[in-house]
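Visitor: Now for the letters of each chain:
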Amino acid sequence: MTETDQARYLYLIANTEEERSLGDVGLGDSPVYTIVFQDIAAVVHASKPEPEPAKNEEQAKQWILNHNYVIDKATENFNTVLPFSFGCLARGDDKTIKRWLQKNYGLYKRELERLKNSAEYSIQIFYDPKILEKQIIETIPELKEIDQKIETMPKGKAYIFKKKFELGLKQAVSDHLASMGREFGKLIKENSIQTIIEEKIPYVPEKYAGKKVMVAFSCLVAQENVDRFGQSLEKINKREEFAVRFTGPWAPFNFVDLKGNIEDET
Amino acid sequence: MKPEREKDSLGELLNRMVTKGVLINADVIISLAGIPLLGVKLEAAIASIETMLEYGLFEELDKKTRAWQLEHRKTSPLLQEDEEIELQFYGSFFQELHPIWKYCFIYVTNHRIFGWNKAFNKILFEIPLAKIQMTAICKGIYQDEERDELCLSLENEEKLYLHSSDLIGLQDQICKLIPEPVRGS
Numbered sequence: 037m038t039e040t041d042q043a044r045y046l047y048l049i050a051n052t053e054e055e056r057s058l059g060d061v062g063l064g065d066s067p068v069y070t071i072v073f074q075d076i077a078a079v080v081h082a083s084k085p086e087p088e089p090a091k092n093e094e095q096a097k098q099w100i101l102n103h104n105y106v107i108d109k110a111t112e113n114f115n116t117v118l119p120f121s122f123g124c125l126a127r128g129d130d131k132t133i134k135r136w137l138q139k140n141y142g143l144y145k146r147e148l149e150r151l152k153n154s155a156e157y158s159i160q161i162f163y164d165p166k167i168l169e170k171q172i173i174e175t176i177p178e179l180k181e182i183d184q185k186i187e188t189m190p191k192g193k194a195y196i197f198k199k200k201f202e203l204g205l206k207q208a209v210s211d212h213l214a215s216m217g218r219e220f221g222k223l224i225k226e227n228s229i230q231t232i233i234e235e236k237i238p239y240v241p242e243k244y245a246g247k248k249v250m251v252a253f254s255c256l257v258a259q260e261n262v263d264r265f266g267q268s269l270e271k272i273n274k275r276e277e278f279a280v281r282f283t284g285p286w287a288p289f290n291f292v293d294l295k296g297n298i299e300d301e302t
Numbered sequence: 107m108k109p110e111r112e113k114d115s116l117g118e119l120l121n122r123m124v125t126k127g128v129l130i131n132a133d134v135i136i137s138l139a140g141i142p143l144l145g146v147k148l149e150a151a152i153a154s155i156e157t158m159l160e161y162g163l164f165e166e167l168d169k170k171t172r173a174w175q176l177e178h179r180k181t182s183p184l185l186q187e188d189e190e191i192e193l194q195f196y197g198s199f200f201q202e203l204h205p206i207w208k209y210c211f212i213y214v215t216n217h218r219i220f221g222w223n224k225a226f227n228k229i230l231f232e233i234p235l236a237k238i239q240m241t242a243i244c245k246g247i248y249q250d251e252e253r254d255e256l257c258l259s260l261e262n263e264e265k266l267y268l269h270s271s272d273l274i275g276l277q278d279q280i281c282k283l284i285p286e287p288v289r290g291s
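Chains as they are written, first to last, in the numbering used here: chain A, 37 to 302; chain B, 107 to 291.
So here's chain B without its partners, still in its complex pose (with noise of 0.2 Å):
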């Protein structure tokens, strides 16, 4: 088969070009990264892969990848003081303000939970643990799919949903960390 060039698929250019290829942080530049230039949100365009996350393909090569990219990027959020990351996945969140699942780093501190889009450096979503009132995993439907996802009630009867590999063991660190009487059920 011939390679096709899809020259005005704009996510295929906006997934090279926002995210990838030469970035140097010299002291000439004076923007980096396209944000600043862009000025307009752009990133719906870009969609994840779950499956070869969900069934561990590749693992050598995909460690290899990861730490190529671990060493070019920017690698972790800025946190608060004192604060300490006690989980992270990369996992998918949903809120009833924008009802979509998005995709993206999720940490889980003793401060907060927060998910973090690496390639715009930006905080999607922040929970401070306090406001967390109860979790529960519940039942979702996915693309036609039913499947698990962890619901924490917050203050003013929000709602955060979240999805990830290990659903109970990102439930029990939540419960660990939020202070009683909120406990899961």
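This is chain A alone, in the form it adopts within the complex (with noise of 0.2 Å):
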């Protein structure tokens, strides 16, 4: 037994009975390749067993870049996939993770079952607060009139109005977004099959730049909705105070759960 068969670096498990190469596209140009257990099969490429980290920042990225072109690659080939996260290692050979899968089988094909058809899509909406606000004080008389009159008033009378006007505009404005929010989060549910609020995100685009993140999402959705869930999204988009990035298809990374196999973390 040579070094490099002793671990599997795993990528995906996926729908498949084929025993087949998907090329050198790995992390270092690694061959790639499908280990099957009856029709459900873990993609890997054959590893050291002692984890090397990367040299440097430029090959962390590609790395990144190259687990995503296998699970991209992948999905292709065998509809949606189960996805591993960045830097899962097995200690072992074909023959142990083909164990490995006979052992969780049940579960594997039930989640594989379960997400086929369906994908990841990500979506955060984002709002121009100044766009916004003006158009809440529009909507408020109370406001609009305090707003006019500050202009003419002495300083110090002025200050303690600024500031009343403020603090009124601010809740306004939490108002207005908590109500736009479950309504946006309403429109978006409907359409998916799973949602989930996104806590982070990735930096933003310039284009979205002077915009503040109001909330993001990830969420499940199946392939015959994609178009109708795009429709949906730009009736938001639409909105002079309201910008949207959709992006996808991803495979689900938010969405597997393998609940029944993960043990006891403590």
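Don't take each hint at face value.
Okay, derived cross-link-like pairs now, BS3-like style, lysine-lysine, Cα gap no bigger than 27 Å in a straight line [stated by the list, open to error]:
hint : chain 1 : residue 1 : chain 2 : residue 2
1    : B       : Lys-224   : A       : Lys-193
2    : B       : Lys-245   : A       : Lys-199
3    : A       : Lys-97    : B       : Lys-224
I should point out that these hints are in silico values taken from the structure, not numbers from a laboratory.
Two chains, each in its own frame: build the complex with the hints.
Guide: Take a look at the structure:
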């Protein structure tokens, strides 16, 4: 047994009965192939048993892109897959992996069937605080009135009224966003199989500069529903004060649920 | 509108691949979650969303999401012996050594204050309570807007700034925990 036979880097689990190669497309151009048990397979490359950290940031980036590429390619070939987090290295050879697939076959198969013909999409809704505030002032006569009066007031009084105005506006913006948020959430939920709210988002492209993130979702959407979903989002995107960023399809990173397999982590 | 695929957006990929996806804790797995393999810091590519937390949007849905996440991830940092959590919140901190606001889970315990990055299970900063000499709420500028921040003065004239949705509550809690004669101002 050579050293590279002693571990397998895991990319994903897919629905396939075919033992095949996906080409030298893995981390560091490693050859990627399927290890099949009945009609499911793990997609892996053979690796040394000791994790070797990336040498520099460039390599780390390349590896992340490689990992993603394998997942994309497998999705093209095998329909929806169960994607692994970056950096899962399993000790053992093909037989070990096969035994592990066998042991958890029911769970993986069930999850693959559940996620079939669907994909993950990410939705970020931005708002333009300046436009939104302007719109809100127009709709609340009390605020509009104070706003207009402030200019003619003596300095001291103007200060107090300005504070009052700011507080009132802040509250109104907050109420408005909360109610819009509920509305958008409903619209998005109607078109998705599953929805989660993201607490973190990747850096936002330049074109959204000056806007604030209102809310971000990851959604599991059935293939046949994607167009309708896009149309619903377009309605939000058309509004002057909001902008929607819609990305995907991604492998269902957020929605793979292998509860049964996760042992007590503590 | 049609979904876009920004394939080369590293931030987008990192967010998914390093912090999400199947993480199995089986006996066969040697290396989990990419940290040993990556060996390089790439965490900067992920930003936080304040707005929805600030406005308490989607509380119901959010609760479910959190519950799901909680079941699947390392949910708490490793505590010292007889250490108890007095307060925990999602907030941001700022140190003069690394002058940028960073978001994380912040814990106030009977021993220390520390920031914990959940995805990487990493302590980002740590201050023993005994080192805090004074607490004060002060004004700071963040993204061109003035806001209140909690400033903790430490030994050697070091300072740690914290931001949360309830600064006064945070200050009270810290003041209760730190020994006299330190007092808030």
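Visitor: Are Lys-224 of chain B and Lys-193 of chain A close enough, with their CA atoms no more than 27 Å apart?
Guide: violated, 48 Å
Visitor: Does Lys-199 of chain A sit within 27 Å of Lys-245 of chain B, going by the straight-line distance between their CA atoms?
Guide: holds, 16 Å
Visitor: Taken at face value, is the distance from the CA of Lys-224 of chain B to the CA of Lys-97 of chain A at most 27 Å?
Guide: Holds, at about 22 Å.
Hint 1 from the list above is the single one not met by this structure.
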